[in-house]
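Trainee: Here is what each chain is made of, one letter per residue.
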Amino acid sequence: MKEYLSNIYLALYTIAVGMKITFRHLFIPAVTILYPEEKVVLPERVRNRLYVNMDDCIGCDQCSRACPASCITIETVKGLPTEDLGKTSQAKKKALWVTRFDIDFAKCCYCQLCVYPCPTECIKMTDVYEFSDIRRSNLIYNFSTLTADEAAVKKANYAKFEAEKAAAKAAPPKTEN
Amino acid sequence: MLDTIIYILNIAVPLGFIIPFALFAVYFERKVSAFMQDRLGPNRTGPRGYFQTIADIIKLLQKEDIMASAVDKVLFNIAPVLVFAGSYAAFAAIPFTSAYIGSSIDLGLLYIVAVSSFVVAAILMAGWASNNKYTLLGAMRAAAQMISYEIPTVIVIISIIIIAGTMNLSTLSEYQTSSFYNWLIFGGPDMGWKKFAIIPFAWIGFLVMYISTLAEVNRTPFDIPEADSELVSGYSTEYSGIKFAMFFLAEYANMFAVSVVVVSIFLGGYQSPFGYLGNTLGISWFVPVEQFFWFAAKGIFFVFVQMWLRWTLPRLRVDQLMTMCWKYLIPISLVNLLIIALIMVL
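These protein sequence lines map, in sequence, to chains B and G.
With the numbering used here as the guide, the letters of the first sequence map in order to residues 1 to 177.
With the numbering used here as the guide, the letters of the second sequence map in order to residues 1 to 346.
Be aware that a few hints might be false.
What the hints assert, rightly or not - List of simulated lysine to aspartate or glutamate pairs, DMTMM-like, C-alpha gap at most 20 Å:
1. B:Lys-39 with G:Asp-38
2. B:Lys-20 with G:Asp-38
3. B:Lys-20 with G:Glu-29
4. G:Lys-327 with B:Glu-3
Unchecked claim - Here chain B is said to cover these stretches of chain G; the calculated rule only asks that three of the stretch's residues, wherever they fall, bring their Cβ under 8 Å from a Cβ of chain B:
5. 31-42
6. 156-165
As the list claims (entries may be wrong) - From the structure, some residues in chain B lie toward chain G, with a derived Cβ separation under 8 Å:
7. Ser-6
8. Ile-8
9. Ile-15
10. Met-19
11. His-25
12. Leu-26
13. Ile-28
14. Ala-30
15. Val-31
16. Thr-32
17. Pro-36
In case anyone wonders, no lab produced these hints; they're calculated from the structure.
Bear in mind that the values here come from a model prediction, so they are computed numbers and not experimental data.
Where a beta carbon is used, it is the ideal one built from N, C-alpha and C, also for glycine.
Using the sequences provided together with the hints, build the complete structure.
Mentor: As structure tokens, this is what we get:
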């Protein structure tokens, strides 16, 4: 009988304690962050969308080789000796035209392995993470600064240069006698 | 002809209250649960999310009415209607104000107990007709629970009948008129030593009745018939679209119905806890408006307490549920009944 009554007392008492706690929580401000309006401050070394600074890129293809997901596609054409390709910010002379520099973010696994080998530190992580798209093809970002026509011209130029060189080699050398 | 129209209008009046109430209660429940968990709750649809439930109900009405091939079509289709009819029928005997009561029958309390047990049949029907093990288990649990918990409810009601001498809820509300110390929870309007002797037992009766009605409407901590983690969602698992909406509506209508039955019995029903402004100012038509306000406010307060308990207490096990009823509530209410009867006889 004593246990019976103490059970009842315990039940009522603990319900009152619980109700007190939940009632207090009614007035505690919510911890929710209203996402599109408010955003969390990102950590310093966060890994998100890549960005390539094409002014610095020398087309060395190291990022593409480091990529475990093979999402970086680079095509380059050698510059002609007569052309001036400009310099990187570290005063290195560029030797290649980067005719294509595509990163497919649908494949990218955001591992940052491409960032470390870059000799000119031109590929880096940004803090942009809201770039979802309804088409996978829209996730292929083209970073190359050359237009398709320009790239074709560079390719043609180089092919011509090579052809001239080969022709020069094939032609019998002029004898001076 | 005119009589028929008046009857139909009379029937439709509580519906005009219950449907907006259900829309409000769903929003209110989501908000209360969110605030108790330090969240924000729905806040995108309209200002502060006011239109959330309207959007929900429109979505539910547009949904495809899925019916599995193995269901018992007739029972499956009438069960949601009967569930709602059962909980709606209870409103017939509940006085909304002194000016409106669906049917002022002398067996009001008995009638309410009877029609709310009628819901058990409809729930069993839904569970059986769905031809699904979860719905059947849920329905059987619901039936066992509702039938068990009706006993303490009825015993408490009997003790109230002994005090007030009436089963008519409108007379019972009249009985507790003029001020809050005349409410039955404070011993009723008859002055003298009996009033004060009854007070503690009225409180016990009130608690027992509130707990058992909570179990009758299958709310947490007594929600084992629709225990989400065990039974998907109990007897309404196979329902979709408008039929599911009817179960939902019935659940919220039931919550309000049991709250106002408890209020009508113990807390003076539609009576104001102090005088009426309408009487003081001499505007007689204003009194029912005030009464409706008090009726709705008390009812919604107890619905809030149901939600409050839901977010406070964990769900009971089946054996704990039956222990609670048969070993605690029924003996307590029986002893309570004897003591109250003794006090009234003396």
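Trainee: Take the hints in turn and mark each one as holding or not.
Mentor: Results of checking the hints against the structure:
| no. | hint | in the structure |
| --- | --- | --- |
| 1 | B:Lys-39 with G:Asp-38 | 19 Å, holds |
| 2 | B:Lys-20 with G:Asp-38 | 15 Å, holds |
| 3 | B:Lys-20 with G:Glu-29 | 18 Å, holds |
| 4 | G:Lys-327 with B:Glu-3 | 13 Å, holds |
| 5 | 31-42 | holds (count 8) |
| 6 | 156-165 | violated (count 0) |
| 7 | Ser-6 | 13 Å, violated |
| 8 | Ile-8 | 7 Å, holds |
| 9 | Ile-15 | 7 Å, holds |
| 10 | Met-19 | 5 Å, holds |
| 11 | His-25 | 5 Å, holds |
| 12 | Leu-26 | 5 Å, holds |
| 13 | Ile-28 | 5 Å, holds |
| 14 | Ala-30 | 5 Å, holds |
| 15 | Val-31 | 5 Å, holds |
| 16 | Thr-32 | 5 Å, holds |
| 17 | Pro-36 | 10 Å, violated |
In this structure, the hints that do not hold are numbers 6, 7, 17, in rising order.
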